[in-house]
Amino acid sequence: MADEEKYDALLMNIASQHTGGIHELLDTLFGFFARKTDLYTSPNVGEKPEELILRAFHKWEKIAVEKHKKDKAERDEADRIRREKLRRKREEEEAAKK
Numbered sequence: 004m005a006d007e008e009k010y011d012a013l014l015m016n017i018a019s020q021h022t023g024g025i026h027e028l029l030d031t032l033f034g035f036f037a038r039k040t041d042l043y044t045s046p047n048v049g050e051k052p053e054e055l056i057l058r059a060f061h062k063w064e065k066i067a068v069e070k071h072k073k074d075k076a077e078r079d080e081a082d083r084i085r086r087e088k089l090r091r092k093r094e095e096e097e098a099a100k101k
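The opening position of the sequence shown corresponds to residue 4 in this note's numbering, with each subsequent residue numbered one higher.
By construction, these hints were calculated from the structure, which means they are not laboratory data.
It cannot be assumed that every hint is accurate.
Here are the simulated lysine-lysine pairs, BS3-like style, with alpha carbons at most 27 Å apart [unchecked claim]: (1) Lys65 to Lys75; (2) Lys100 to Lys88; (3) Lys65 to Lys9; (4) Lys101 to Lys88; (5) Lys51 to Lys73; (6) Lys39 to Lys51; (7) Lys51 to Lys62; (8) Lys75 to Lys62; (9) Lys62 to Lys100.
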């Protein structure tokens, strides 16, 4: 299992319990950070909390967008191949009728 997938099952379980969607889940996460970590108050981090959060956000945004583009290109290519096979089959059927 890849490191980034290590906690997927646990996080999916947590996410599924948030009927308010992503807004409620994010509120829970940031509430946890406030109650149980020093994310908002530590002077030793070297970055503002917003910078830490945005850096992680942009990292995963880039990965998600690239994966979406790749998946779409693969679907489009599979669809193009399927349409081409269908076109050839119809042409063969038409030729066989003549």
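Structure-based check of all given hints:
no.	hint	result
1	Lys65 to Lys75	holds (15 Å)
2	Lys100 to Lys88	holds (18 Å)
3	Lys65 to Lys9	holds (20 Å)
4	Lys101 to Lys88	holds (20 Å)
5	Lys51 to Lys73	violated (34 Å)
6	Lys39 to Lys51	holds (18 Å)
7	Lys51 to Lys62	holds (17 Å)
8	Lys75 to Lys62	holds (20 Å)
9	Lys62 to Lys100	violated (57 Å)
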